[in-house]
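Visitor: These are the residues of each chain, in order.
2 protein chains.
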Amino acid sequence: MSASNSIGIVSEQRMNFDTPLQFQSGAVLPRYELVYETYGTLNADKSNAILVCHALSGHHHVAGYYAEDEKNPKEKNIGWWDNMVGPGKPIDTNKFFVLGLNNLGGCNGSTGPSSINPATGQPFGASFPLVTVEDWVESQARLADRLGIKQFAAVLGGSLGGMQAMQWSLSFPERVRHVLAIATAPRLTTENIAFNDVARNAILTDPDFHGGNFYQHGVVPTRGLRLARMLGHITYLSDDAMAGKFGRGLRAGKYSYNYDIEFEIESYLRYQGDKFAAYFDANTYLLMTKALDYFDPASNFGGDLNQAFAAARANFLVVSFSTDWRFAPELSRTIVKSLLHNRRNVSYAEISSTHGHDSFLMQHEHYHKVMRAYLNNIASEFSA
Amino acid sequence: MSASNSIGIVSEQRMNFDTPLQFQSGAVLPRYELVYETYGTLNADKSNAILVCHALSGHHHVAGYYAEDEKNPKEKNIGWWDNMVGPGKPIDTNKFFVLGLNNLGGCNGSTGPSSINPATGQPFGASFPLVTVEDWVESQARLADRLGIKQFAAVLGGSLGGMQAMQWSLSFPERVRHVLAIATAPRLTTENIAFNDVARNAILTDPDFHGGNFYQHGVVPTRGLRLARMLGHITYLSDDAMAGKFGRGLRAGKYSYNYDIEFEIESYLRYQGDKFAAYFDANTYLLMTKALDYFDPASNFGGDLNQAFAAARANFLVVSFSTDWRFAPELSRTIVKSLLHNRRNVSYAEISSTHGHDSFLMQHEHYHKVMRAYLNNIASEFSA
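Protein sequence lines correspond, in order, to chains A and B. Heads up, the first sequence is in my numbering, so the first residue is 1318 and it goes up one at a time. Heads up, the second sequence is in my numbering, so the first residue is 1318 and it goes up one at a time.
Please note that the accuracy of each hint is not assured.
Mimicking BS3-like on lysine-lysine, the simulated pairs with C-alpha atoms at most 27 angstroms apart in a straight line are [stated by the list, open to error]: (1) A:Lys1393 <-> A:Lys1654; (2) B:Lys1391 <-> B:Lys1562; (3) A:Lys1654 <-> B:Lys1562; (4) A:Lys1686 <-> A:Lys1654; (5) B:Lys1686 <-> B:Lys1654; (6) A:Lys1562 <-> B:Lys1654.
Reference listing, derived: stretches of chain B covered by chain A, where coverage requires no fewer than 3 residues with Cβ under 8 angstroms from a Cβ of chain A [unchecked claim]: (7) 1483-1493; (8) 1567-1581; (9) 1604-1614.
To be clear, the hints were calculated from the coordinates, so they are not data collected in a lab. Predicted model only: the values in this text are computed from it and were never measured. Even for Gly, the Cβ is constructed at its ideal location relative to N, Cα and C.
Working from the sequences, and respecting the hints, build out all of it.
Guide: Quick look at the structure:
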C-alpha cells in the first residue's frame, strides 16, 4: 500500500439521527449516530458523490491518515482502501466526493452493540438488533439526505460491501447511477453460511461471551474471535496463495512434536487472530456474518434473481477474481446474467489473481485499470 | 449402508506389546495394547491378508456389528466401512482375511492419551507422545508379526488411512504386494494444515482442555471438539453437496433474527459437532491432525517425491474423487506420476462424485466397481 499520492490527513465526522429506524427484524432503534469520512469536494450540483460500503471488518476510514499519526509515520493508521481511493487513484478524489461510513452495528464509532444504550446507561450488548443489508442501505440513505446528496454517481464495495451496493439499486433505484459490485454474490452459498456458523459458534460458546453482555463482566471473548478470524483468513486466501507464501515452511526448520507453532502458516494465522481479537467487537462480528447470511434479494421473488433485479435502474460494473472460492466468479456471473436479462448496462471483469477473496483489497494492475476506466467514464458524465 | 450381506456378528480382540516402541519424535512407549478386529479366514500360506488403515476419527470396527447390539437392531453399531467390507463386497471376506485396528494414540481401545499410564496410574493426557504415520506403520507391522502375517496382499485406506498404506510401501517394501491409496495426498497442502490448526486451536484454547489433562478435572473440552468437528464436516463435503442437501433452507421457514439455529446447514453442523464431542477424545483428535500435517515422505529427499517412492516395490491403485477439495485429484495425480517415474504398476481412478472427501466412505457404484475389480485381481494371485 503506497501513501505517495495519499489524500493525506483526514478526520472523521459524526452525524446524529433522532428519527427512529425500524429494522427488517421489526426492532426499532430510537436514535443513533453514524461516523463517516469524506474525501474530495462535492460539486455544485452534488452529482459527483461516491459511497464506499465496507465489508465484514471494515469501517469509515477508507483512505488517508489522521493528523495525530503524522508524528509517528511507522504507526500511521492508513485507510483500508488507500490504494484505491485518493488523488489520481482509480477512485479519484480530484474528481469525486467520496463518502465512507462505519455501518450501524459496527464497532468503529457508529452506534453498535458496544455503544452505550441511552435507555440503560449500559452497552447494548445482546440487545442490539440484528441488522440486514437493507437496514444499512436505509441508514446510508438517511446520511446522504443530511449531506444533501440526492443521487450517488456510484455506490460500490467488495464482498459484503458489494451486497450493499447492489441493494442500493433495489431500495433506491433513482438514487444511484452506477453500482460497482466487487467480489460479491447475490446470496451466500450453503458452504459460506456453514463457515459463518462455525465462526459464530466459536464466539457464542466462548465462556467469556456471556450471552453477548461481556462488557459488564470486564472480559472479551478473545478465544472465539481469534478462531473466527483464523478461519476467515483461510477462506479469504486462495489455496495457491497460501502455498506460495507459506508452503510447508517450519519455524524451527524441523518438527518439534508438540502443539506449539510449527508451520509458518500457523504462525501467520495465530498472529492475525490475536491482532483481530484485540480490537474487534465480538457482537459486531456476529451481526456482520448474519447480515451476509441474510442477504438474498431473490428470496422476495420466489428465488428468481431476474425478478429481483427488475427494480434496478443503475448501470453496473461487476468484478470477480479467479481464485476467490468464497465469492466465486460463478456467483458474479449469476448477477451479470440477471442484469442483462433486465437490459441493464453491465460491464463484467473476471480478474486473474492468485490472492483469492482478498484480491479486492489489493493493488492489482489489471483490476485497478478496470476500476479506473469505469470510474473515468462516470466522471465524464458530469465533468464533460 | 446395507447390512444385508454383512459379515454379521464380530468381536474385538486385543494384543499386548511389551517391546518398547520408539517414536519418530524420540519418545519411547515401554508397552502398549492394540485393539483390532479380523474378518474372513487367513489361508494356509497366509497370503490373503488385507490391512485396512483408518482415518482421523476411524477405528478397528470396520465391518459387521457386535453380538450385544443384535437385540437392538436400531442402535446396531455397524462398522464404518461395512458397505465395502463383507462377504461378496468389494473387499470380499470370502476371499480375504481382513484386519482392522485402532491406531496407537486412538480413543477406541488401543493405548492412547485417554488410557491409564501404568507408571502414574493416571491417564497419559498431555504426556502421550505425538504419533506419526511412520510410527503407526511400525506398530501395525508388529501386530502383523504376532498374527504371523509376513506379507499383506494389500494395505489400504482413505485419507489419513491412505497415507499409512503408502507408508507401508516405503517402510516395509517387501511386506506389501498392493497398496490402495484412496482420497489421499503425498502431503497436506498449506490450506489443509491451516484448517487443522484452527481445529486444534479450538481445542487447545478451550478452558476445559487443561493443557491436555482434562481427565483429572472431570471435564471434557466439548466446545473445542465441537467446533473442530463442525469445521471438519464443511471440508469433508463439497460445496455442491452441501448446496444440494441443505441449500439455504430455514428451519422455521423465515429468518428469526437471532443467533439460534436458522439455516438447515447450521442444524446439521451443530448436530454433528455435538455427537462427535460426546464420544471422541480431544487429545486423540489433536494427535491425528498432527500426524496428517507431519506426513511428507518427500521431505527426506529434499522434497523429491520421485526419490521417496524409489523404495516402493508394491503395485498401486490410486483413487480420487472429483469434488474432493481437501484431498484434490491433483494430489493423487502427483502420487501416480511419482510411481510411474519409478516404474511401479499403478492404476488410477478419478471418480466423478458429488460428495467431496467423504466420497471414499460412501456407497458409489463406479467407485465400488473399481475397488472390486482391483481386489478380484489380487485374489486371483493366490486363489488361482
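Visitor: Hint by hint, note whether the structure agrees.
Guide: Each hint tested on the structure:
1. A:Lys1393 <-> A:Lys1654: Not satisfied, since the Cα-Cα distance of roughly 42 angstroms exceeds 27 angstroms.
2. B:Lys1391 <-> B:Lys1562: Roughly 24 angstroms between the alpha carbons, so the hint for Lys1391 (chain B) and Lys1562 (chain B) holds.
3. A:Lys1654 <-> B:Lys1562: holds, 25 angstroms
4. A:Lys1686 <-> A:Lys1654: It holds: about 23 angstroms lies between the C-alpha atoms, which stays within 27 angstroms.
5. B:Lys1686 <-> B:Lys1654: holds, 23 angstroms
6. A:Lys1562 <-> B:Lys1654: Holds, because 25 angstroms separates the two Cα atoms, which is no more than 27 angstroms.
7. 1483-1493: Not satisfied, violated; 0 residues make the cut.
8. 1567-1581: holds (count 6)
9. 1604-1614: It holds: at least three residues are needed, and the segment 1604-1614 of chain B offers 4 whose Cβ sits within less than 8 angstroms of chain A.
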